[in-house]
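Colleague: One-letter residues, chain by chain:
There are 2 protein chains.
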Amino acid sequence: MIIDCHGHYTTAPAGLWDWRKLQLSHAGNFSARPTISDQEIRDSLEGAQLKIQRERGSDLTFFSPRAGSMEHHVGDAAVSQAWSRECNDLIHRACSLYPSNFAAVCQLPQSPGVAPANCIPELERCVRELGFVGCNLNPDPSGGWWKEPPLTDKWWYPLYEKMVELDVPAMVHVSSSCNPAFHFTGAHYINADTTAFMQFLTSDLFRDFPTLRFVIPHGGGAVPYHWGRYRGLAQDMKRPPLKELLLNNVYFDTCVYHKPGIELLLKVIPADNILFASEMVGAVRGIDPETGQYYDDTRRYIDAIDWVSAADKKKIYEGNVRKVYPRFKR
Amino acid sequence: MIIDCHGHYTTAPAGLWDWRKLQLSHAGNFSARPTISDQEIRDSLEGAQLKIQRERGSDLTFFSPRAGSMEHHVGDAAVSQAWSRECNDLIHRACSLYPSNFAAVCQLPQSPGVAPANCIPELERCVRELGFVGCNLNPDPSGGWWKEPPLTDKWWYPLYEKMVELDVPAMVHVSSSCNPAFHFTGAHYINADTTAFMQFLTSDLFRDFPTLRFVIPHGGGAVPYHWGRYRGLAQDMKRPPLKELLLNNVYFDTCVYHKPGIELLLKVIPADNILFASEMVGAVRGIDPETGQYYDDTRRYIDAIDWVSAADKKKIYEGNVRKVYPRFKR
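Line by line, the protein sequences are chains W and R. If you count the first sequence from 1, position 279 lands on 304 in the numbering used here, and the numbers rise without skipping. If you count the second sequence from 1, position 330 lands on 355 in the numbering used here, and the numbers rise without skipping.
Extracted from the complex, chain W is given alone in its bound form (with noise of 0.2 Å):
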């Protein structure tokens, strides 16, 4: 089986994008519901996601609501939890509707400066009620500004309690920059991935949650590439070698779009840290004339190695998916 861990709904119906505008036209005063058909639904899907799947011949996808729609910056918490609700219903619904082409992962409804534990209730409620397997956490939800606390300062232990208990994982991933320095899929993801990593490396996060999770998407942002920095850096700084430190709570996706890239990751990472994922539809939809194919067929790069062997490979396909998202049963 193959596990697509990093999916987003990039081509949810006009009536999501629609009731959005009315949402911040009513300045969060609003309680219609969007109007859209299963039929909708169907359109969107079948002739992107499940289209795709059935050319590059993967199974299943983790489906999360667009990244870069996610606007935590926009409006306020309760924007934010109206929003983020409509999304994750909307994720229910697609998954619903194909359940066994994808499993749910939610948005959470954060909000620049407000605790995280408020994003508890919508976590309960998509993995306990609707079936969820994990959770998108945006490090920066004032979208470029990065005004919050590190990922590992005790502001976000509250959420993390609440995903050790239901043992759901988080990507970390950002969503808009609405700072002009940064432009979003090419350097706001990309930067936040670093990030993120580096503030696990300096901390004790996994020692206070021994059992939390995080896959850190896009390849692992700069980090596979400047593995003997962070190694190195480790060391100076007198931590645990990184292995120890961060390799049974911290994994990397493989999103990275061309085969240089995935034999670096698959050469320096150890393959039980790997997850298979392709973010289709999203950040690069073009063919690559390099190649003839298109840059996001990461599955292409993978089976296109000889020197990783087939159990790992498993691993990279389905194993470490269903290691990390225990949630998922199928």
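The hints are simulated quantities; they were obtained by calculation from the structure and are not laboratory data. Treat the hints with caution; some may be incorrect.
Identical chains blur together in the list; that is why a pair holds if it fits in one copy or across any two.
Claimed, not checked - Taking lysine-lysine pairs in the DSBU-like style, the calculated list, with each CA pair at most 35 Å apart, reads:
| no. | residue 1 | residue 2 |
| --- | --- | --- |
| 1 | LYS76 | LYS292 |
| 2 | LYS284 | LYS354 |
| 3 | LYS339 | LYS187 |
| 4 | LYS187 | LYS263 |
Since chain W is already given, all that's left is putting chain R on it; use the hints.
Modeller: Only chain R this time, still in chain W's reference frame:
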């Protein structure tokens, strides 16, 4: 000849740091000069950078003030001006004592919210009067809050006009971070590299300045690892191919502290765009237990690669540095 294009005076004598403390405690109203003897300069270099040059067989280092201490966010523009001048003068003295070991690169007296044109007099002084061959440009003088316009904004153009006139490149290099989200050498440096590259990718800066040149240090941040992502993003945005768009103007150094990272860099980035560097004595000072060698001994990684031609290695070690820094003549 082997030229290391990226070295900071991290071992500067105590007199410099004492002076800085006095400067800050006098709130800028301070006219004394640092008390540092030639012998102290020699002592600070003989057992460190010069010893390491000999041990590793590099010939000459492009030497600039300690990046983490540029601290453009501390004090106002006058404080930054006086501090930059002292740091640059000290670099000039070190390079004058060891003219066959060092060439000088200057710190710019940037200050948050102050027009970069303000840096022109110090750049001119360093280049025209003191023989400096380049400068370090901080894309985020706020120290981790990213409040300046992107490097591609016209805000920066007067400085670029002067760089073009003087025919000197800039290494894009942030200083320390006062944002608790960003560890300075583990996140802020690498993020800045990635961010600057994406700013360049989305702009027509090099149409306006066809001969302007930037070196992106630390192996280009996350960029080579995600080269497919960047090629794909440019393509989706209908930008020209990266080679055409950027690679006459943007160069990467080799400060990547493990062999798989260097291999990736040399595999995906054209040899014409790679400049040898180690940033010693710098961010990572230990010995890698996996190799028994210093993490930052980047020459070993390059020398060990047998699929890069001798001609390309000569470019990386010397030719490209001379091309990018034409004021360096030796």
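Colleague: Evaluate each hint against the coordinates.
Modeller: Verification of the hints:
In this homomeric assembly, LYS76 and LYS292 come within 35 Å of each other (Cα to Cα) both inside a single copy, at 31 Å, and across copies, at 33 Å. For a Cα distance limit of 35 Å, the shortest separation of LYS284 from LYS354 inside one copy, 31 Å, qualifies, whereas the shortest one across copies, 39 Å, does not. For the homomeric pair LYS339 and LYS187, the shortest alpha-carbon distance inside one copy (30 Å) is at most 35 Å, but the shortest distance between copies (56 Å) is not. In the homo-oligomer, the alpha carbons of LYS187 and LYS263 lie at most 35 Å apart inside one protomer (31 Å), although the nearest pairing across protomers, at 44 Å, exceeds that limit.
In summary, this structure violates none of the numbered hints.
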